[in-house]
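**Student:** Single-letter residue listing:
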Amino acid sequence: MTVEPIITFRGVTKIFATGKDQLRAVDDVDLDVRRGEIFGVVGYSGAGKSTLVRLINMLERVDAGTIDVDGRRVTDLDERGLRALRADIGMIFQQFNLFGGRTVARNVEYPLRLAKVPKAQRRARVAELLEFVGLSDKARRYPAQLSGGQKQRVGIARALATSPNILLADEATSALDPETTRDVLNLLRRINRELGVTIVLITHEMSVVQYVCHRVAVMERGKVVEHGDVYTVFANPRETATRRFIQTALNYRPSPEIVARVRERHPGRLVVASLADTGAGLDVSALTSGLDASASVVFGGVTQVADRPFGSLTLEVAGAPADVDEVVARLGRVAGAVVDLGTAANPLPDVRWVEPRDSEDEVATR
Amino acid sequence: MRPLTNDWDWAYHGPLLWTAIGQTLQMVLVTLVIGGLLGLGYGLALYATRRGGLYAAGGVYAVLSFVVNLIRPIPFIIFITAARPLTIAVTGTSLGVRAAIFPMVIVTIMATARLVEQNLVAADPGVIEAARAMGASRFNALIHVLVPEALGPLILGYAFLFVGVLDMSAMAGAIGAGGLGYFAISYGYDRYNDVVTWVAVGVIIVMVQIAQHLGNTLARRVLHR
Chain A
1 MTVEPIITFR GVTKIFATGK DQLRAVDDVD LDVRRGEIFG VVGYSGAGKS TLVRLINMLE
61 RVDAGTIDVD GRRVTDLDER GLRALRADIG MIFQQFNLFG GRTVARNVEY PLRLAKVPKA
121 QRRARVAELL EFVGLSDKAR RYPAQLSGGQ KQRVGIARAL ATSPNILLAD EATSALDPET
181 TRDVLNLLRR INRELGVTIV LITHEMSVVQ YVCHRVAVME RGKVVEHGDV YTVFANPRET
241 ATRRFIQTAL NYRPSPEIVA RVRERHPGRL VVASLADTGA GLDVSALTSG LDASASVVFG
301 GVTQVADRPF GSLTLEVAGA PADVDEVVAR LGRVAGAVVD LGTAANPLPD VRWVEPRDSE
361 DEVATR
Chain B
1 MRPLTNDWDW AYHGPLLWTA IGQTLQMVLV TLVIGGLLGL GYGLALYATR RGGLYAAGGV
61 YAVLSFVVNL IRPIPFIIFI TAARPLTIAV TGTSLGVRAA IFPMVIVTIM ATARLVEQNL
121 VAADPGVIEA ARAMGASRFN ALIHVLVPEA LGPLILGYAF LFVGVLDMSA MAGAIGAGGL
181 GYFAISYGYD RYNDVVTWVA VGVIIVMVQI AQHLGNTLAR RVLHR
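In order, the protein sequences belong to chains A and B. Residue 47 in my numbering is what sits at position 47 of the first sequence, and the numbering runs on without skipping anything. Residue 84 in my numbering is what sits at position 84 of the second sequence, and the numbering runs on without skipping anything.
Simulated from the structure, these hints should not be mistaken for lab results. Treat the hints with care, as some may be off.
Some chain A residues flagged as far from chain B (calculated, every beta-carbon gap over 12 Å) [what the hints assert, rightly or not]:
(1) 15
(2) 121
(3) 249
Footprint (simulated), chain A over chain B, 3 or more residues, beta carbon under 8 Å [stated by the list, open to error]:
(4) 125-139
(5) 146-157
The beta-carbon is built from N, C-alpha and C at its ideal position, and this holds for glycine as well.
Modelling step: build the complete structure from the supplied sequences, incorporating the hints.
**Tutor:** Now the structure itself:
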């Protein structure tokens with residue numbers, strides 16, 4: 001993959017006036033999206049994700065800063081220039097936003113009409129697109145007759161009609177069930193790989209990021225607090241906001257309440273181990289070999305991020321005190337990060353635990 | 001002079017009824033077409049200039065909205081007489097069907113404008129965003145996307161409007177435009193002939209039923225739900 005950026009944000013700020021208050025929905029953001037990648041933007045609702053992507057096709061105007069898209073300074077474009085730009089940027093939505101009064105084929109045809117493509121070519125292109133998303137047999141149906149997954153595939157076909165280089169996906173799978181989500185994500189992967197379309201994908205679902213994204217940005221209160229390679233950001237989060245997001249999205253790290261409950265049945269030494277950045281799994285048997293100690297997994301989970309194992313396991317280690325210490329030391333050498341929670345009789349706090357954000361902090365912008 | 005009896009005489013009432021139906025249909029249909037179309041434009045202007053609208057312009061919206069609120073509450077029978085000078089200026093007469101249609105059109109424009117505004121506000125703004133994201137102009141998004149999306153409710157709204165226009169046309173008898181309202185009052189009520197009044201009522205009910213049925217059928221055809 002080349003490192004040439006296709007979208008560049010520099011000092012971008014967007015302010016919404018809410019009554020007499022001002023909300024900095026996007027606050028001084030610098031960001032590069034590389035050509036040909038799937039770039040995820042994650043964060044809680046109200047973090048500014050939706051606003052950030054709407055600045056790319058100027059559905060929202062910036063208040064400060066510049067955005068370049070594919071060599072064009074979009075922040076300088078007038079209405080006419082914007083319309084040309086938008087034909088080169090496809091967009092799909094959480095609620096699909098299909099035209100309910102038009103058939104599937106006519107929905108997909110609409111952007112081609114706007115681009116003044118001749119009728120014969122429009123027909124051929126619509127057929128080609130419906131074939132690509134696997135809905136050729138639904139051309140004459142109306143959106144209300146389709147399932148959620150089918151609707152989003154129509155949305156995707158419509159967004160791709162004018163062969164854009166960039167596809168913006170605004171919570172495109174959030175209204176879909178897990179299985180359908182998987183289908184749509186596979187389609188997005190195909191679009192990225194086969195058509196070379198750069199995809200900017202907003203989501204609050206960790207599973208979506210870990211399944212399709214190459215790089216990711218974490219947003220909180222209008223700021224991009226951390227961004228980079230998906231595995232690096234998730235395996236080695238530097239910012240509290242990122243840790244908090246991963247913690248709630250994955251639920252693999254026990255909260256203090258869960259630790260207290262686990263201790264009722266497992267009074268021994270509890271250790272929380274994150275899987276190492278190397279992406280290797282955790283060899284549990286090697287921890288205790290030759291020692292008078294046992295280690296059992298009492299909480300946690302392992303999943304795949306960017307095709308590498310990722311997760312957190314909480315182990316109870318019991319046995320001769322010196323051997324238990326040795327197990328914890330061995331764990332520290334093979335795992336990414338280890339936090340010793342002590343025993344039920346002698347507990348230690350989880351220093352890496354991030355308190356969930358107060359719900360009253362949530363700011364709804366859209 | 002006929003005796004004041006409570007009965008229906010085809011030879012006498014029949015031709016009067018046909019004329020009245022013709023006058024009512026003429027007034028109602030001409031008003032609905034002209035007032036409906038102009039009202040659609042007015043309603044689009046209201047919707048587009050609202051705060052946060054595609055052509056948001058608070059001042060323009062305030063003026064447009066004020067005019068609607070100014071005319072709508074005036075009872076129609078009073079509006080006909082109050083608008084007399086304007087009616088003469090536009091139609092050249094203050095009597096008859098043509099003179100009745102003018103104030104009816106004005107009131108219909110105002111009613112339609114609110115109806116259109118309400119239905120567009122209720123439509124999913126997501127389709128406008130989608131159209132804009134594809135490069136549609138504001139005008140295009142409004143006319144070619146939003147209006148078609150709201151067409152079903154709009155048609156039902158027009159069917160609803162039909163009753164209001166029919167109601168207005170009944171008062172047009174006051175300025176010599178005839179119609180079913182005039183027929184019912186002059187040949188029924190004024191002559192103690194309830195049967196004639198009931199026949200007029202029956203005809204109006206049938207008209208409303210047909211209009212509503214047409215509206216429902218059309219709306220169902222464009223709704224696709």
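**Student:** Next, verify each hint and record whether it holds.
**Tutor:** Here's how the hints hold up against the structure:
| no. | hint | verdict |
| --- | --- | --- |
| 1 | 15 | holds (16 Å) |
| 2 | 121 | holds (17 Å) |
| 3 | 249 | holds (26 Å) |
| 4 | 125-139 | holds (count 11) |
| 5 | 146-157 | holds (count 4) |
Against the hints set out earlier in the document, no violation occurs for any number.
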